[in-house]
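Trainee: Residue numbers for the sequence shown, in the numbering used here: 732 to 802.
The hints are simulated quantities; they were obtained by calculation from the structure and are not laboratory data. The beta-carbon is built from N, C-alpha and C at its ideal position, and this holds for glycine as well. Since no wrong hints were added, every one of them can be taken at face value.
Pairwise CB distance ranges, derived in the manner of DEER restraints:
#1 736 to 771: 35 to 43 Å
#2 734 to 800: 37 to 45 Å
#3 737 to 766: 17 to 25 Å
#4 769 to 734: 30 to 38 Å
#5 734 to 795: 42 to 50 Å
#6 801 to 739: 19 to 27 Å
#7 733 to 782: 22 to 30 Å
#8 763 to 738: 13 to 21 Å
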Amino acid sequence: MSEPPQPPAPRSYLLLGPPDILHDLLNDFGEDGWACSADRWQAVITRPAGDQGPDPGAWPAEVTLQGIRTG
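Please work from the sequences and hints to get the whole structure.
Mentor: Here's what the structure looks like:
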């Protein structure tokens, strides 16, 4: 007998930016059930286990004041 397939691990995203902005973002994501951690100019957010969300290619690779970079 084969075992049922395991659900994929929740996706994590690395965020880079000023600590005050990251703090605000982490509060928003935390309210929606995401796991969040931050250190200085970096933060990692991880989706809740039951929320796999859209295809990772649907998110931009980088968003800056100069514009949005995909892939």
